[in-house]
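Based on these hints, arrange chain B with the ligand on the given structure of chain A.
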Amino acid sequence: MSVPAKEKASSFEPNIVAFVCNWCTYTGADLAGTSRLNMAPNVRIIRLPCTGRIDTLFILKAFERGADGVIVSGCHPADCHYTAGNYHARRRFAVFRELMEFMGVDPQRITFSWVSASEGGKWAEVVNSTTEKVRELGPFVSYPRVAHAQVK
Amino acid sequence: MSRIGVFICHCGENIGRTVDCAQVAQAMGELPGVVHSVDYKYMCSDPGQALIKQAIKEHNLDGVVVGACSPHMHEKTFRKAAAAAGLNPYLCEMANIREHCSWIHEDRAEATEKAKGLVRFIVEKIKYNRPLSNIFIPVNRRALVIGGGIAGIQAALDIADGGREVILVEKESSIGGHMSQLSETFPTLDCSQCILTPRMVEVAQHPRIKLLAYSEVESVDGYIGNFEVKIRQKARSIDVSKCNGCGECTKNCPNKKIPSEFEQGLGFRTAIYVPFPQAVPNIPVLDRDNCALFKGRAKGVKKQVCGKCATVCGRRAIDFDQQDSFITEKVGAIIVATGYQLYWIGKEQESEILHGYGEYGYGTIPDVIDGLQFERLASASGPTGGKILRPSDGKEPKKIVFLQCIGSRDRAKGMEYCSKICCMYVAKHTMLYHHKVHDGKAIVFYMDIRAGGKGYDEFVRRAIEESHALYLRGRVSSLTRNGDTIRVQGVDTLSGEPVSIDADMVVLATAMRPQPGITSLAQKLSVSYDLHGFLNEAHPKLRPVETNTAGIFVAGACQAPRDIPDSVAMASATASKVLGLFSNEQLEREPLIARVDRQTCTGCFHCERVCPYGAVERFEVKDRKGNLIKVIAEVNQGVCQGCGTCQATCPSKSIELDGFTDEQIFAAVNAL
Ligand SMILES: Cc1cc2nc3c(=O)[nH]c(=O)nc-3n(C[C@H](O)[C@H](O)[C@H](O)COP(=O)(O)OP(=O)(O)OC[C@H]3O[C@@H](n4cnc5c(N)ncnc54)[C@H](O)[C@@H]3O)c2cc1C
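Those protein sequence lines, which keep their order, are chains A and B.
Per this note's numbering, the first sequence starts with residue 11, numbered consecutively.
Per this note's numbering, the second sequence starts with residue 348, numbered consecutively.
The shape of chain A in the complex, shown without the other chains (with noise of 0.2 angstroms):
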């Protein structure tokens, strides 16, 4: 599934930052290319031993720095490796989203996501459709221009 190269060129290439645990969704990746399958190269992966260890500050640090999306993926409910971290993570996330909303960042740009170690296809399509509605959102405005805009 990768990206028709017409429509490439004409459209911005968003960059987006993918916060994964080690146990189900890195070695869901790995079994994706293990599997060859094509994907769109605008993910690029950062390692955790579990979505337990993410810290919102990495969400919000990753847009100040340029990311235009965020994915953030781990076992599924009940297969957390560490018994419950991802039910932390889901908790936390579910606060995050909320601010997200109300500092002004479409919580689009954010894709919470559960993907395990023998999912290689659904992380493929996990990464291609946020890259996708990424695209579409167009490039993160940085934080003090949404601050900005929300004054006015």
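These aren't lab readings, by the way, just hints derived from the structure by calculation.
Do not take every clue at face value.
Claimed, not checked - In the PhoX-like style, the derived pairs of lysine-lysine whose C-alpha atoms are separated by at most 25 angstroms in a straight line are:
| no. | chain 1 | residue 1 | chain 2 | residue 2 |
| --- | --- | --- | --- | --- |
| 1 | B | Lys557 | B | Lys924 |
| 2 | B | Lys1000 | A | Lys71 |
| 3 | A | Lys132 | B | Lys888 |
| 4 | B | Lys642 | B | Lys604 |
| 5 | B | Lys603 | B | Lys581 |
| 6 | A | Lys71 | B | Lys474 |
Predicted model, so just to flag it, every value in this text is computed and none were measured.
Same frame as chain A, but now just chain B with the ligand:
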């Protein structure tokens, strides 16, 4: 300033075909802190590793980044190589430019750019890596086995024979579990008691096994190698040290009409009783709820009612005032082998997600029984002496209908799983029936026959061909009384015809469920369980007997429905795991765990609340005089598994997970 070396691997053509490795190496060489950056055909090969080792020495590197395959593949390899050259192994990291880049992209320019980005993440991250050394934990080389069914017995014997001490805790008054109730066992039809009893005796006599029957685990503290377990020894009302198992007390107990649990309600026992003659330990227990003396006490009757057992006990072993007692044991590993119970199919259910089968009249029609009750009828030591007789009138049934999958594979009843053993024991029951009642007719309603296993399918075939059991594929909609018989109404889905049979007896092959109370035990142990309460293994294929809590293992039917061969195999597997763990006095593990900054921790203990392992402990900071300054968090190195949930939760950023500290992750993000 760091002195980092970057090594980009071509992986033959695997990376080199889509990523311009030389260009990546060159770009990395220009990053601040990178003093050496090269590419090579095969980094993991001996010459590749030599290249890294040599560079570490020549350039005095304090960090190594290998841009190659997934760290899951070769992180250990490269860390070892780094260590061999004198660099701390945790100062070596990998960037994944194969699985996450070259294999999933086609455009060379794009892939090369992305590879640069991926390696840059790690170069920036590694600037904040600290040298770490592996952690050594002392191991208390004794094991605790919870549950004395065949699984627990096997595990205990294997470990004890392997030279280590075992404490076996069984909640009932005798070990043996369900296997002691079975008549003969598939697929060989050997007598269950005959193969089990010697094992039970061996447990009791083994110098390295401490058997605590009629006991339960009260609490569990600690971590792998160092558990502390509090065990409640329930009051038997018998002084175990005095009792010699003569049986006078049970003989003289006047209350003889209590339905026996061991006989599945088909026989009776006394109030002071041994569940079955071969019980181990062979010491009675007094059922206080059914004892006249205790009933009298409860009513406030001043004079002692009864007390006959005490009068006839020559050794004065009976102690009506005995209380529960507690002991604490220190062990290094725990095996859970708590087994199963059968699904109760009456109308009332203990849990909301389960639904009974009111339509089958279980509990109201006396000749509708379950599989274990049939085992008791067929057992030579059972209430009928091994004769198949109807519970209602003691007549020999000439037609028995067996229903499979009662509860199992039935989403509507709350259990979608297959109980696995029922196809086999129903076939066994039809054979036993045929052996005992030659002119009897066995009819089986089944959904599918699942007889995978050595000699299993042949066994079912024998039931059909030699014992002439009639197998009908289909479900039964209702069981109703019809005079002396039970009307079985169902459908034969192969012919599409409705079927109506008047049976003398009906046997329901009910689903296997985990033991009641297993979830509270699992919570004490921090072991996860599935929707139904079966304990979860760490990995369904590669770590089938370990749990996610290090040092705790599972065996037998508490993990999923299992037959005896499977339970025994699992039990021996846990024993070999435990003996492996006990082969060293100390346990070595990776140091990627959380660490508390004592200066900044405020003692809010948010970390304690989110830790899935209970690894956070309280540490008292005192001044020189011993006055308490503050109580802060401390991480138990043996318990922490390194998920990092605490760090993301800590409001003062005082807890850090080595290998994935905030500094390291932010450095990577900053390199975007
Ligand atoms: C009708 C029927 C017929 C069968 N026939 C056969 C057959 O022919 N061949 C065959 O291979 N298999 C057969 N099985 C299956 C067999 O019963 C099981 O495979 C076997 O009993 C499992 O052993 P286990 O030790 O895991 O569990 P169990 O036998 O259930 O033993 C568990 C033990 O743990 C104890 N326990 C539970 N909770 C606690 C606790 N919290 N603390 C302390 N102790 C606890 C229990 O009291 C029990 O003693 C049959 C099963 C049924 C229902």
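For each hint, the structure was consulted:
Restraint check for Lys557 of chain B and Lys924 of chain B: the C-alpha separation of about 20 angstroms stays at or below 25 angstroms, so the hint holds. As the CA atoms of Lys1000 of chain B and Lys71 of chain A are separated by approximately 16 angstroms, the hinted pair is consistent with the 25 angstroms bound. The suggested pairing of Lys132 of chain A with Lys888 of chain B holds, with an alpha-carbon distance near 22 angstroms, which does not exceed 25 angstroms. The straight-line distance between the Cα atoms of Lys642 of chain B and Lys604 of chain B is roughly 16 angstroms, inside the 25 angstroms bound, and the hint therefore holds.
Restraint check for Lys603 of chain B and Lys581 of chain B: the C-alpha separation of about 23 angstroms stays at or below 25 angstroms, so the hint holds. Pair hint Lys71 of chain A plus Lys474 of chain B holds up; C-alpha atoms about 19 angstroms apart against a cutoff of 25 angstroms.
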